[in-house]
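> Residue strings, one per chain:
Protein chains: 2
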Amino acid sequence: MIEKQKLKPISGFPEWTPEIRMVEQAWIDRIRAIFESYGFAPIETRSVEPVEVLLKQGDTDKEIYALRRLLEEEGAGGEPDYALHYDLTVPMARYVAANLNDLTFPFKRYQIQRAWRGERPQEGRFREFTQCDIDVVDQRDIPLHFDAEMPAIVYEVMQALEVGPTVTRINNRKVLEGFYRGLGVDAAHEVIRIVDKQDKIGSAGVAKMLTDDLALDDATIAKVLELAAIRGAKADEVVGGVRALGVSGELLEQGLDELHFVMRELEAYPEGAFLADLSVARGLAYYTGTVYEVKFADEPDFPTICGGGRYENLVGSLLNKHLPGIGISIGLTRIFSKLVKDGKIAPTRKTPTEVLVCWPPGGTYEEIKAAAVALRRRGIKTEQFHEPRKMKQQMAYASNKGVPHVWFPAVGADGAHEVKNLTTGEQQAADPSVWTPD
Amino acid sequence: MIEKQKLKPISGFPEWTPEIRMVEQAWIDRIRAIFESYGFAPIETRSVEPVEVLLKQGDTDKEIYALRRLLEEEGAGGEPDYALHYDLTVPMARYVAANLNDLTFPFKRYQIQRAWRGERPQEGRFREFTQCDIDVVDQRDIPLHFDAEMPAIVYEVMQALEVGPTVTRINNRKVLEGFYRGLGVDAAHEVIRIVDKQDKIGSAGVAKMLTDDLALDDATIAKVLELAAIRGAKADEVVGGVRALGVSGELLEQGLDELHFVMRELEAYPEGAFLADLSVARGLAYYTGTVYEVKFADEPDFPTICGGGRYENLVGSLLNKHLPGIGISIGLTRIFSKLVKDGKIAPTRKTPTEVLVCWPPGGTYEEIKAAAVALRRRGIKTEQFHEPRKMKQQMAYASNKGVPHVWFPAVGADGAHEVKNLTTGEQQAADPSVWTPD
Numbered sequence: 001m002i003e004k005q006k007l008k009p010i011s012g013f014p015e016w017t018p019e020i021r022m023v024e025q026a027w028i029d030r031i032r033a034i035f036e037s038y039g040f041a042p043i044e045t046r047s048v049e050p051v052e053v054l055l056k057q058g059d060t061d062k063e064i065y066a067l068r069r070l071l072e073e074e075g076a077g078g079e080p081d082y083a084l085h086y087d088l089t090v091p092m093a094r095y096v097a098a099n100l101n102d103l104t105f106p107f108k109r110y111q112i113q114r115a116w117r118g119e120r121p122q123e124g125r126f127r128e129f130t131q132c133d134i135d136v137v138d139q140r141d142i143p144l145h146f147d148a149e150m151p152a153i154v155y156e157v158m159q160a161l162e163v164g165p166t167v168t169r170i171n172n173r174k175v176l177e178g179f180y181r182g183l184g185v186d187a188a189h190e191v192i193r194i195v196d197k198q199d200k201i202g203s204a205g206v207a208k209m210l211t212d213d214l215a216l217d218d219a220t221i222a223k224v225l226e227l228a229a230i231r232g233a234k235a236d237e238v239v240g241g242v243r244a245l246g247v248s249g250e251l252l253e254q255g256l257d258e259l260h261f262v263m264r265e266l267e268a269y270p271e272g273a274f275l276a277d278l279s280v281a282r283g284l285a286y287y288t289g290t291v292y293e294v295k296f297a298d299e300p301d302f303p304t305i306c307g308g309g310r311y312e313n314l315v316g317s318l319l320n321k322h323l324p325g326i327g328i329s330i331g332l333t334r335i336f337s338k339l340v341k342d343g344k345i346a347p348t349r350k351t352p353t354e355v356l357v358c359w360p361p362g363g364t365y366e367e368i369k370a371a372a373v374a375l376r377r378r379g380i381k382t383e384q385f386h387e388p389r390k391m392k393q394q395m396a397y398a399s400n401k402g403v404p405h406v407w408f409p410a411v412g413a414d415g416a417h418e419v420k421n422l423t424t425g426e427q428q429a430a431d432p433s434v435w436t437p438d
Numbered sequence: 001m002i003e004k005q006k007l008k009p010i011s012g013f014p015e016w017t018p019e020i021r022m023v024e025q026a027w028i029d030r031i032r033a034i035f036e037s038y039g040f041a042p043i044e045t046r047s048v049e050p051v052e053v054l055l056k057q058g059d060t061d062k063e064i065y066a067l068r069r070l071l072e073e074e075g076a077g078g079e080p081d082y083a084l085h086y087d088l089t090v091p092m093a094r095y096v097a098a099n100l101n102d103l104t105f106p107f108k109r110y111q112i113q114r115a116w117r118g119e120r121p122q123e124g125r126f127r128e129f130t131q132c133d134i135d136v137v138d139q140r141d142i143p144l145h146f147d148a149e150m151p152a153i154v155y156e157v158m159q160a161l162e163v164g165p166t167v168t169r170i171n172n173r174k175v176l177e178g179f180y181r182g183l184g185v186d187a188a189h190e191v192i193r194i195v196d197k198q199d200k201i202g203s204a205g206v207a208k209m210l211t212d213d214l215a216l217d218d219a220t221i222a223k224v225l226e227l228a229a230i231r232g233a234k235a236d237e238v239v240g241g242v243r244a245l246g247v248s249g250e251l252l253e254q255g256l257d258e259l260h261f262v263m264r265e266l267e268a269y270p271e272g273a274f275l276a277d278l279s280v281a282r283g284l285a286y287y288t289g290t291v292y293e294v295k296f297a298d299e300p301d302f303p304t305i306c307g308g309g310r311y312e313n314l315v316g317s318l319l320n321k322h323l324p325g326i327g328i329s330i331g332l333t334r335i336f337s338k339l340v341k342d343g344k345i346a347p348t349r350k351t352p353t354e355v356l357v358c359w360p361p362g363g364t365y366e367e368i369k370a371a372a373v374a375l376r377r378r379g380i381k382t383e384q385f386h387e388p389r390k391m392k393q394q395m396a397y398a399s400n401k402g403v404p405h406v407w408f409p410a411v412g413a414d415g416a417h418e419v420k421n422l423t424t425g426e427q428q429a430a431d432p433s434v435w436t437p438d
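Keeping their order, the protein sequence lines are chains H and W.
Mapping of the first sequence onto this note's numbering: residues 1 to 438, in sequence order.
Mapping of the second sequence onto this note's numbering: residues 1 to 438, in sequence order.
The set of hints was computed from the structure by calculation and includes no laboratory data.
Just so you know, these numbers come straight off a predicted model, no measurement behind them.
Just so it is clear, CB atoms sit at the ideal spot from N, CA and C, and this is done for glycine as well.
Mixed in with the good hints, there may be bad ones.
[Unchecked claim] Cross-link-like lysine-lysine pairs, in silico, BS3-like; alpha carbons within 25 Å at most:
1. H:Lys321 <-> W:Lys369
2. H:Lys390 <-> W:Lys321
3. H:Lys321 <-> W:Lys234
4. W:Lys234 <-> H:Lys56
5. H:Lys4 <-> W:Lys56
6. W:Lys234 <-> H:Lys4
7. W:Lys223 <-> H:Lys6
8. W:Lys56 <-> H:Lys8
9. H:Lys369 <-> W:Lys234
10. H:Lys321 <-> W:Lys321
11. W:Lys369 <-> H:Lys234
[As the list claims (entries may be wrong)] Simulated coverage check for chain H against chain W, where a stretch passes if three residues somewhere in it have a Cβ under 8 Å from a Cβ of chain W:
12. 20–30
13. 33–39
14. 101–112
15. 199–211
16. 325–337
[Stated by the list, open to error] Chain H regions said to be covered by chain W (calculated; three or more residues, Cβ under 8 Å):
17. 44–56
18. 393–402
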């Protein structure tokens, strides 16, 4: 016997009972169907990458799980260092770089897979979790239309899954970088990194860090904070608001044109669904243009549930080529576990079984099996009760698992089949070669 | 830039191009559908278990990958030891033990998930691989009918996937243990472990080990080898063959009755599909009754592609309860990669896209998008070409990815939609609100 302790859940590694897993599985099927409806092709990558590949792409403040062979002799050496991937973007970039000659570009892939982070578990933060990603990578510039299409696809997914109201905040790194440069700040990336913390430390905290870490003067800091305060759904107003701050520069103008285009494309969506928010930066170092982050509209303190953006150099940096990309990632586990916790996932069945063929008194195994085989052959999910038990126990089994129908197979030469609908309680004669569940 | 070396495949961690992954994904969908058609419910377990749980269940000669947090301070301690699971049976047993009160018994689950072993990669042996398992666990004795149903379901899967002829070898641990005990051998489990190596070391090797390790006499060894030589498809003949060896005992008789029942149930299947083989033992310590192993019929040297059996104590040993189980596992990666390697997987498409809406000369983004939206809304997998390019390039893109149809959206007020079938070359007028791909 193992200590009871060892059987307990491990914090940050979620597991579901079958009735909940069936809902999660249905979610994944729905996400897959939507991704495929836009022509994204499925790939999976291995779960591990060389440690060097994972660390190179920044995000090194995330804890990474490295692998160690348990029976390996101490100091045997020779084995390269591998670690579990912490997202699906970096592995996808490596995959594209490694398979360059076998892929057709623009390469559009989706990937629904687990990832791991050794973070301290807390609400919405897991150590093992499933991400659902779409990305487009090309060997030439990627049209800006994709910048609007990616968050629109994710919006469609959120609507289909009925997760409740969400808001997608959109910004553009070129606007931020161009604006800061226009202010005469060289360390634009450092400013982005600090402004990205505004959610957590507030404007005052950002101002303090900009003073302490970067020695920016008060006038510059005021402008940085004014920019970060701009948000709105209307492309013209938002871009006008930025221009009104009186900063200029080529990169800034390019970023504003892009942000304007993307917001215009999304103006037809319901109010509140998409918002330009000049405080959004995304922590990851590799983004270069449009960035997204999606939150539950009514839960501002809950972490981001989807995120992504445009990265011009992530893939290409592995090969020294021009391979721009754009992508967005759905934090499936974060969203799903939140809804489970809030009691918004209402499972009804513990099994996919549509009909349980029971073992009636006096019936033979062959009679029961024949009915089950006939139903199953017609595509009906059919479970066969494998031993003669009291009918009450067999009915309780069906009822406890949420099986909607119980089949009473014909017994003996004169027997007739009957089926009972456990929801309505109705029982009637039925023919296994034609009957269909409601 | 990363060293080229770091982009290369990692031995034992397979990855597929999209066109191959699409076939693998279709396989998994098919397996899921068959498992669900028998009423198995889906679960997934976390990828890690406490090291103690993994090691307890034997199979310790398999290398296990433990996790190590990369940024953890040396000697920080406190963190329990977790490792990646090496199969799906032990995690399922732990899951059942942990969720005992939330499950309805008999608990029938399927699980399609990755597992990891730090083995030296070789043909058919991977470090990361996907298994497809079904198991039944109950709080009371499990009827013998399941012992016949489990390999029959796997046979149905192998037929559906068209993997080529397979042979399922069946034995019963009680027959082996009862027979050895009847010979007066106390170390029955040690004999099983040694006989299991017959495939690799031959009868002479087995005889030598039985002499050297267990000091069995020649007459006993002769009987052990005679038993291991018995095989056949007919229940009566096989059981008669064992009885003719003149060994007796209660456990042996019970095992022979079980083996007879299972083989009789399977006699209706095509010749060669199921074979009783008294040399089959399965390496894992937890099996107690029926055991299975499936191989490619024409590839005797290729490793086992599916395996399983009955385990009376695996789950219960975690809780000190009676929780017998029976299950079988399909080595998806092993089977699939073999067929890929042999050129038996013939992918036709690199994308799920059914129709590419091209960007014709003079067309606007809105016109192209409108056609794509109309088609997609009707459930057709539709990709939209996101920039105006030469038609030849757009057609080449569709053709390279294996997209079967290209849509030419209506341009201008008088424009009309047309669609081209890239297989037949036919092009004709079409209405996006009614057209359906062939």
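> Run every hint past the structure and note whether it holds.
Hints, one by one, checked against the model:
1. Taking the CA atoms of Lys321 of chain H and Lys369 of chain W, the gap is near 31 Å; set against the 25 Å cutoff, the hint is violated.
2. This hinted pair checks out: Lys390 of chain H and Lys321 of chain W have alpha carbons roughly 24 Å apart, not beyond 25 Å.
3. As the CA atoms of Lys321 of chain H and Lys234 of chain W are separated by approximately 65 Å, the hinted pair breaks the 25 Å bound.
4. The suggested pairing of Lys234 of chain W with Lys56 of chain H is violated, with an alpha-carbon distance near 62 Å, which exceeds 25 Å.
5. Our distance criterion of 25 Å between C-alpha atoms is met by Lys4 of chain H and Lys56 of chain W, whose separation comes to about 14 Å.
6. A distance of roughly 46 Å separates the Cα atoms of Lys234 of chain W and Lys4 of chain H; the hinted pair therefore is violated under the 25 Å criterion.
7. Under the criterion of a C-alpha separation no larger than 25 Å, the hint pairing Lys223 of chain W with Lys6 of chain H is inconsistent with the structure, at around 43 Å.
8. Of the supplied pair hints, the one linking Lys56 of chain W and Lys8 of chain H holds, its CA atoms being roughly 16 Å apart against a limit of 25 Å.
9. In summary, the hint linking Lys369 of chain H to Lys234 of chain W is supported, as the alpha carbons are separated by about 22 Å, within the 25 Å threshold.
10. For the suggested pair Lys321 of chain H and Lys321 of chain W, the alpha carbons sit about 61 Å apart, so the restraint of at most 25 Å is broken.
11. Distance restraint check for Lys369 of chain W and Lys234 of chain H: the Cα-Cα separation of roughly 22 Å lies within the 25 Å cut-off, and the hinted pair is therefore satisfied.
12. A stretch counts as covered by a chain when three or more of its residues have a beta carbon under 8 Å from one of that chain; for the region 20–30 of chain H and chain W the count is 3, and the coverage holds.
13. For the region 33–39 of chain H, the proposed coverage by chain W is satisfied: 4 residues have a C-beta within less than 8 Å of a C-beta in that chain, meeting the threshold of three.
14. Only residues whose beta carbon comes within less than 8 Å of a beta carbon in chain W count, and the region 101–112 of chain H has 6; three or more means the coverage holds.
15. Judged by the Cβ-Cβ criterion of 8 Å, the region 199–211 of chain H is not covered by chain W as claimed, because only 0 of its residues qualify and three are needed.
16. Counting residues of the region 325–337 of chain H whose beta carbon lies closer than 8 Å to any beta carbon of chain W gives 0, which falls short of the minimum of three for the stated coverage.
17. Chain W is given as covering the region 44–56 of chain H, and this holds because 10 residues of the stretch bring a CB closer than 8 Å to a CB of that chain, at least three being needed.
18. Using a Cβ-Cβ cut-off of 8 Å, 3 residues of the region 393–402 of chain H lie near chain W, which meets the minimum of three, so the contact claim holds.
In summary, the numbered hints that this structure violates are 1, 3, 4, 6, 7, 10, 15 and 16.
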